Every structure is written in C-alpha cells, then in structure tokens.
Amino acid sequence: DAGVTQSPTHLIKTRGQQVTLRCSPKSGHDTVSWYQQALGQGPQFIFQYYEEEERQRGNFPDRFSGHQFPNYSSELNVNALLLGDSALYLCASKLLSGSWTGELFFGEGSRLTVL
Amino acid sequence: AQTVTQSQPEMSVQEAETVTLSCTYDTSESDYYLFWYKQPPSRQMILVIRQEAYKQQNATENRFSVNFQKAAKSFSLKISDSQLGDAAMYFCAYRSAFWGDMRFGAGTRLTVKP
Numbered sequence: 001d002a003g004v005t006q007s008p009t010h011l012i013k014t015r016g017q018q019v020t021l022r023c024s025p026k027s028g029h030d031t032v033s034w035y036q037q038a039l040g041q042g043p044q045f046i047f048q049y050y051e052e053e054e055r056q057r058g059n060f061p062d063r064f065s066g067h068q069f070p071n072y073s074s075e076l077n078v079n080a081l082l083l084g085d086s087a088l089y090l091c092a093s094k095l096l097s098g099s100w101t102g103e104l105f106f107g108e109g110s111r112l113t114v115l
Numbered sequence: 116a117q118t119v120t121q122s123q124p125e126m127s128v129q130e131a132e133t134v135t136l137s138c139t140y141d142t143s144e145s146d147y148y149l150f151w152y153k154q155p156p157s158r159q160m161i162l163v164i165r166q167e168a169y170k171q172q173n174a175t176e177n178r179f180s181v182n183f184q185k186a187a188k189s190f191s192l193k194i195s196d197s198q199l200g201d202a203a204m205y206f207c208a209y210r211s212a213f214w215g216d217m218r219f220g221a222g223t224r225l226t227v228k229p
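Residue numbers (this note's numbering), protein chains in the order written: chain A, 1 to 115; chain B, 116 to 229.
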C-alpha cells in the first residue's frame with residue numbers, strides 16, 4: 001500500500017524564482033492538503049484540494065497556488081520566492097467520504113531553501 | 116479560530132520511565148478530533164494516537180495514552196516505558212469534525228536518555 005509520496009525531497013532556489021512541488025496521495029485517498037513547516041515550528045495549513053478544486057485556504061498569499069489532477073495527485077506552486085519561504089512543505093491526504101477517522105496521512109516533505 | 120498550545124518546548128525522560136507531554140486548545144466547537152503526531156528526524160509525521168471529542172473514554176495505543184479533559188480543553192500524552200525510538204518532535208493537533216484543516220501546536224522535542 002503506497003503511502004503519500006512527495007517530490008523533490010530537497011531543492012534550492014533563489015529569490016524571485018518559482019517552484020513546483022508534487023504530491024501523490026495514499027492509495028484510495030481523494031483529498032490532499034498542503035502544509036508549510038518552518039524550522040522549529042509546527043506545520044501551518046496552506047490549502048486543501050478535493051475534486052480538483054481548492055476547498056479551504058489558510059492565511060497564505062496568492063503567490064501560493066495549487067492544482068489537483070483527476071488521479072488525485074497535486075502540485076503546490078510558489079511564485080516570486082522570498083527568503084521566508086524556506087521551509088519543509090508537507091503534503092497530507094485523506095479519504096473524504098466513507099469511513100472517516102479524521103486522520104491525515106503525511107508524506108516526508110520537500111525541503112525548500114531559498115537563497 | 117482554533118488554536119493549539121504546547122507549553123513544553125523540550126522534555127527529557129530516562130529510558131523505561133514515563134513522561135507526559137502537555138497540550139491545550141481553544142475552540143467553540145463541540146465536535147472535533149484531537150491527535151498526537153510524532154515527527155522523527157526522517158521528517159514524516161506519524162500518527163501516535165487519536166481522540167474523538169464525543170468519546171469520554173481516553174484513547175490508548177499500547178504504551179501511549181491520553182488524558183482528555185474536554186471542559187478544560189486539555190489533551191496530554193503519556194508515554195510509558197519510554198524507548199530510545201520514542202525520541203522525536205511531538206505535535207498536538209486539532210481538527211473540526213468535517214471540513215476543517217488540521218491545526219498544530221509548536222511541538223515538544225522529546226529526548227530519551229539511555
């Protein structure tokens with residue numbers, strides 16, 4: 001049973017550049033959420049996708065955008081990178097309908113460094 | 116807005132001893148879930164234990180148990196017979212019963228001494 005997979009695991013960008021992070025949810029899951037975890041802090045909610053639409057959004061600027069594909073995989077795009085965007089980006093998935101325990105399943109994250 | 120507070124940035128425990136990690140939360144909702152996640156250096160968040168707010172009985176998973184005090188909005192994690200592999204960051208998290216996103220505390224770094 002494949003868990004949540006994310007790519008790339010590490011990447012380095014410079015200020016002003018754009019980045020795309022990718023996520024494949026756990027098998028059978030249809031909802032994907034993205035979180036930003038700055039060093040030494042807890043994860044902060046960015047947004048959630050279900051049925052290829054953004055359903056909820058946290059307090060993040062429009063530079064952060066996403067997409068969900070028909071196979072439920074998802075991308076996180078960040079434009080005009082700032083130094084403060086350096087963080088671990090976590091993808092999490094769940095099954096919205098059916099037996100629902102509230103639990104999110106997380107990937108290992110993509111570590112973004114902005115220089 | 117719901118907030119989660121972990122007041123212990125770091126905790127230390129001797130191997131085989133018991134340790135309790137604290138968590139408080141703020142919400143006006145009556146139906147929600149609470150979680151403890153473990154994040155080892157490998158970075159992947161791993162679910163340790165889950166509590167449904169409508170259940171009065173405290174959840175237990177092997178060596179891990181919680182003390183859920185709904186009126187006090189408190190949700191502590193007790194780790195019994197601590198093992199070296201328990202060393203990690205522990206995050207307390209809250210989510211609404213349905214659509215809500217998951218809100219995390221700032222985390223507690225647990226060190227296990229041999």
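Don't read these hints as lab results, they were simulated from the structure.
Computed from a predicted structure; not experimentally measured.
Using N, Cα and C, we set each Cβ at its ideal position, and we do this for glycine too.
Fair warning: there could be bad hints in the mix.
[As the list claims (entries may be wrong)] Partial chain B-side listing against chain A, Cβ under 8 Å, derived:
no., residue
1, PRO155
2, ARG158
3, GLY222
Now the hints, each set against the structure:
For PRO155/B, the shortest C-beta to C-beta distance to chain A is roughly 10 Å, which exceeds 8 Å, and the interface hint is violated. The beta carbon of ARG158/B is positioned within 8 Å of a beta carbon in chain A (closest approach about 5 Å), and the interface hint is therefore held. Checking GLY222/B against chain A: minimum C-beta separation of about 5 Å stays under 8 Å; hint holds.
The structure fails hint 1 only (numbered hints given earlier).
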